[in-house]
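K.L.:
Sequence:
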Amino acid sequence: MTLPVTDAAIPDANGVGARLAFSILQEAFLDMAVALGRIDPDKAGDLITALEINAVARLKSFGDAAGPASVPVQRNAAASVREVTKEAKQRIAAARTRN
1 MTLPVTDAAI
11 PDANGVGARL
21 AFSILQEAFL
31 DMAVALGRID
41 PDKAGDLITA
51 LEINAVARLK
61 SFGDAAGPAS
71 VPVQRNAAAS
81 VREVTKEAKQ
91 RIAAARTRN
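Each residue of the sequence shown is one higher than the one before, starting from 1 at the first, in the numbering used here.
None of these hints come from the bench; they were simulated from the model.
Do not rely on the hints blindly, as some may be mistaken.
[Said to hold, decoys possible] Quick list of the computed label-pair ranges, beta carbon to beta carbon:
no.	residue 1	residue 2	range
1	Glu83	Leu20	27 to 35 Å
2	Arg38	Asp64	32 to 40 Å
3	Asp42	Pro68	24 to 32 Å
4	Lys60	Ala21	34 to 42 Å
5	Asn76	Ala50	17 to 25 Å
6	Arg98	Val71	38 to 46 Å
7	Ala21	Ser70	16 to 24 Å
8	Ser23	Gln90	36 to 44 Å
9	Lys43	Val71	29 to 37 Å
10	Ala65	Ala94	16 to 24 Å
11	Val34	Phe62	22 to 30 Å
12	Ala66	Arg98	37 to 45 Å
13	Gln26	Ala57	16 to 24 Å
14	Gly67	Arg19	41 to 49 Å
[Said to hold, decoys possible] With a straight-line Cα cutoff of 30 Å, these simulated BS3-like cross-link-like pairs (lysine-lysine) come out:
no.	residue 1	residue 2
15	Lys89	Lys43
16	Lys60	Lys89
17	Lys43	Lys86
18	Lys86	Lys60
19	Lys60	Lys43
Backbone N, C-alpha and C define an ideal beta-carbon position, used for all residues, glycine too.
Modelling step: build the complete structure from the supplied sequences, incorporating the hints.
P.N.:
Set out below in structure tokens:
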């Protein structure tokens, strides 16, 4: 079962728990990208691209289900996904040059 990482799912002041959870997941994702990049940089880049496409598609589904009020949240989240995947690809490239 997947639980959403939201302020409601992690009740605390000012959504600190949700931001902390996202930050931890983001760093784990970036660490995974580097590890995959050391094994096979080309496949790692393809995998990161596929994960980005999947995440953005899920955000679109969420936005479609939640209605127009969620559009700004959806856009912001999609931009965050794109930034994280961009950084992951940069880390893969850096790992490639170190090997």
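K.L.:
Going through the earlier hints one by one, which of them does the structure break, listed in rising order?
P.N.:
Hints 1, 3, 4, 8, 10, 14 not satisfied by this model.
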